[in-house]
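Asks: Listed below are the residues making up each chain.
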Amino acid sequence: MMAILAATAQGGAMAGDVEWGAYLAAECTTCHRRDGSADGIPAITGWPEAGFVAALRAYRGGARSSQTMQTVARGLDDGDIAALAAYFATYPPAAD
Amino acid sequence: MELKRRGFLGVALVGASVLAAPAVLGSGRPRVVVVGGGSGGATAARHLAMQSGGAIDVTLVEPSRTYYTCYFSNLALGGVWSFDDLGHSYANLAAVHGINVVHDWAVGVDRDARTVTLAGGGVLPWDRLVLSPGIDFVDGAVPGWDVAAQGRMPHAYKGGTQAALLAAQVEGMREGGVFAMVAPPNPYRCPPGPYERISMVAHVLTQRNPTAKILLVDPKESFSKQALFEEGWQRHYPGMIERIDPLFGADNVSVDPEAMTVDIDGVIEQVDVCNVIPAQKAGRIAEVAGLTNDAGWVPVDPHTMKARADEAVFVLGDASQQGDMPKSGYSANSQAKVAVNVIRHELLDTRLFPARYSNTCWSLIAPDDGVKVGAAYDATDEKIATRDSFISQTGEDTDLRAATFAESIGWYRGITADMFG
Ligand SMILES: Cc1cc2nc3c(=O)[nH]c(=O)nc-3n(C[C@H](O)[C@H](O)[C@H](O)COP(=O)(O)OP(=O)(O)OC[C@H]3O[C@@H](n4cnc5c(N)ncnc54)[C@H](O)[C@@H]3O)c2cc1C
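Residue numbers (our numbering), protein chains in the order written: chain P, 447 to 542; chain X, 69 to 489.
The shape of chain X in the complex, shown without the other chains (with noise of 0.2 Å):
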């Protein structure tokens, strides 16, 4: 390693001079085109304008001129965090760090001519496009449930307004309601979003409904922290929530949304809130450029970050399929840092540093009742690979699992300010 590193280290500084790479740079600035304003391409744009201090031409392609984080979306669902709050402006991308910010959907790309298409019909040319545009649904992985029917039966598993939509249903549930979720099979974005979900339904349903249900249908064995989980919700919430695994046809699940009926394996229960999270692939950019495998994510290089079938293009985050990191925000940033040291040494010939990865998921079971896994990785040729974990104990103290949540809330701080700030 150490060996390693000073090779690495070795590598001399030619200074940011626009001619040091000249194949690259024809005459003006290299120009670097993110799609996707979220946790990977707003952490890439920004570390690429602030440390090339004005060298690279950096424009960032995103549809909303707000971006709602998923993280901490379940918190405001529990009424523990306010939905005001998940919001996220551009406007510091573009006025402080000069980031040419385009309110637009990225429709094509040509790999060969080296542009995006827009939907406005604007082309952008680029020298390293880099692409996070997070996921989209499996078409028909639900019978029944498509997105037009995410008004009745709401996915709230992308940033907007669909948190908000499950959070009033929850609120609106008769006595004694059901709440039903369809839980997503592997692999989705973070892993304990289901189930922190679950956690903070039922802190709601405790409070204001105690006599309502929750009905888990999951195609999934197991899951991420579920002997916390469990034990969680043996504790704070004993007897409201029922998991129904695969073992009882949790893997042949239906739904009707006229109806408000979930179909398991041939038993019809009548809910009054389904909210459906189905299967998972890349955003559909990822698929438009040919960057896709068979399963709908984009293999990376380890190393990189770079999709495994281009050399100019960088895939981050929920997209990407490289190894051992969860599909998180969290990863997905950490992703683009090293993204950004590749592109800045192609680009800049500045220095190139080993590849580093790092990602902690917090979740919330009760208010102030704080859980978290994490993990270290380093890139192999073959994937990027867990160096180093923890995970959160059963039976920990009180103040122990208050001072994880409050940690939570520093991160989420200072992830978005470091995407955002």
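Chain P on its own, in the form it takes in the complex (with noise of 0.2 Å):
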């Protein structure tokens, strides 16, 4: 939880670039489709900022499980994950 916290104060002073995001994000796509649908990967557009933040945190330092998703997060640093938060909460969540 602390560290939930410490991201998400963080995140609040890196937040707003949703350029870098959006840049970030495109990597992002190939696996997880921008309009909220998902069919053997998760959709990750319209959520909460914090849960996001918590959930790269939670693959980049291994607690959650998954060669994909650790990949891709140990290649991202509080500020990047901060800003893919900003960028995905700007998509609305999964349509059905």
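These are calculated hints, taken from the structure and not from any lab test. Beta carbons are placed, not taken as given, at the ideal position from N, Cα and C, and that holds for glycine. Possibly wrong hints are sitting among the right ones.
Interface residues of chain P toward chain X, partial, derived using beta-carbon atoms under 8 Å [unchecked claim]:
| no. | residue |
| --- | --- |
| 1 | 465 |
| 2 | 469 |
| 3 | 473 |
| 4 | 475 |
| 5 | 477 |
| 6 | 479 |
| 7 | 487 |
| 8 | 489 |
| 9 | 495 |
| 10 | 505 |
| 11 | 513 |
| 12 | 514 |
| 13 | 517 |
| 14 | 520 |
Which chain X residues stay away from chain P? Per the calculated CB distances, all over 12 Å, these [unchecked claim]:
| no. | residue |
| --- | --- |
| 15 | 311 |
| 16 | 324 |
| 17 | 367 |
Each of the two chains sits in its own frame; use the hints to bring them together as a complex.
Replies: Structure below.
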């Protein structure tokens, strides 16, 4: 929980760089669809930013398993994660 | 890294004004021509159009009206996916994204005049050119085989009807017959592709024709995900697959499509189906443009995907020689996004971000037995270099393998939406 709060605080400080988030997000949309539909890979649009940040930090630290997402997350620093959370929050959640 | 990134972020956004770079723009909108509407080209055209909101005039040149993915074509051969689901239309790229989709072949590139000539006679001017033409086969790579023989001995290594032809031939094999594959030498598109194909053919034969044999003639000593494939073949298809490596003459192979024979270092094998995957090089238009090296590929700048020989030409996907990334649809899609960021920066003065690349290649060994290998990459001056990587392990439990297969379906839906959505 402390980790999540810290990340949110830091994310707040760095948030707003949606353009950087949009550039980074181009990597995600090879797997996660921007329209929020999901079929074998979960939707990541329209999340509250804190939960999104917590999920990526959990992959990065290894608390959540997934070879794929751990490798993605290890390449992201806290500023990157905050930018991505801000970017994907601007898209509506899964339609169905 | 942090400092470098801030340096990039410090580049100010001057807005998407057409007047921002008058030297390039002349009077109208800047023009980008993309040759090849596959993994690299469709991604580049779509993202350029989407991200520039109409400020760039994007033309996509592609002869086919439907793009048939090579990815999942092995699964269709194995009956795990449908051939119809491999086809994707260019309709959204034109109607939703305003891309000028021209169904024709590019036959000439004039890098001084900055034009592309089409087979139909048209001439397209450009400020930036993107080439993503995929591969062509090296002439004479497998003596006895040329493209005229692809009806009898299919390659099934480009999109189109070849994969369905190969599937029909496997289905029509006589009881106890022999399926042979002549595998390609490195480098070639989709390193695990031939071995996923062997797996899917074995799956079909195990069900319909269990006394049939598979002969894999491989000029390489080792291959992608070898331990995973060999473990899976042993488990799912015991005794069916024989691999002949260079120690046993597999680097000295010729074929006779009329007689349906394969000559392996002087030993003649009579076979029923023969899948010849020849050595490869960049799609011909890259050579026509004068950008290829002696090996037949286009060396590119890892930071930008620009051809080393021309600052105004970006070369994506299989045709490029970039370093550590395998030639895959995923790689081409990832490279396209880096090129798009650079092109927008140069034409519209938007922010330039450091290159980042990634790739994952999933393979299916048997239904619900999926494996993967993936990596993240950074650009160095010399090459695109692996930063971090992972690979499935032997002995994994069936739930994890099924989850890996489910993930690959998600990726297929994701990347095709990212190209054609
Ligand atoms: C059996 C098999 C399985 C595969 N599985 C996977 C997988 O699971 N995952 C993965 O990531 N990759 C996979 N691949 C690899 C993947 O298909 C290629 O690496 C990828 O498509 C390369 O993208 P590209 O843009 O370079 O070329 P392509 O996608 O081949 O696109 C090239 C396009 O250019 C067009 N073209 C060529 N010349 C011209 C010209 N002169 N004028 C106009 N248009 C032209 C062609 O018609 C074609 O549409 C597989 C390949 C095979 C063969």
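Asks: All hints are to be evaluated individually against the structure, with a verdict given for each.
Replies: Hints, verified against the model:
This hint holds: residue 465 of chain P has a C-beta 6 Å from the nearest C-beta of chain X, less than the 8 Å allowed. Here the hint on residue 469 of chain P is kept, as its CB sits about 5 Å from the closest CB of chain X, short of 8 Å. Against a cut-off of 8 Å between C-beta atoms, the interface hint on residue 473 of chain P holds, since the closest Cβ of chain X lies about 6 Å away. Look at residue 475 of chain P: its Cβ gets to within about 5 Å of chain X, closer than 8 Å, so that hint holds up.
The interface hint given for residue 477 of chain P is met, as the beta carbon of that residue sits about 4 Å from the closest beta carbon of chain X, less than 8 Å. At its closest, the beta carbon of residue 479 of chain P sits 5 Å from a beta carbon of chain X; the interface hint therefore holds under the 8 Å criterion. The beta carbon of residue 487 of chain P comes within 3 Å of a beta carbon in chain X, closer than 8 Å, and the hint placing it at the interface holds. Taken as an interface hint, residue 489 of chain P does not check out: its beta carbon lies about 10 Å from the nearest beta carbon of chain X, beyond 8 Å.
At its closest, the beta carbon of residue 495 of chain P sits 20 Å from a beta carbon of chain X; the interface hint therefore is violated under the 8 Å criterion. The restraint placing residue 505 of chain P at the interface with chain X is violated, with a minimum CB-CB distance near 12 Å, outside the 8 Å limit. With a cut of 8 Å, the hint placing residue 513 of chain P at the interface with chain X holds, because the nearest CB-to-CB distance is about 4 Å. This hint holds: residue 514 of chain P has a C-beta 6 Å from the nearest C-beta of chain X, less than the 8 Å allowed.
A hinted interface residue such as residue 517 of chain P counts as satisfied when its beta carbon comes closer than 8 Å to some beta carbon of chain X; here the least separation is about 5 Å, so the hint holds. A distance limit of 8 Å between C-beta atoms decides the matter here; for residue 520 of chain P the minimum to chain X is near 6 Å, and the interface restraint holds. No Cβ of chain P approaches the Cβ of residue 311 of chain X within 12 Å, the least distance being about 27 Å, so the stated non-interface status holds. Chain P leaves residue 324 of chain X outside its interface by the beta-carbon criterion, the shortest separation being 42 Å against a cut-off of 12 Å.
A cut-off of 12 Å between C-beta atoms confirms that residue 367 of chain X is not in contact with chain P; the least separation is 24 Å.
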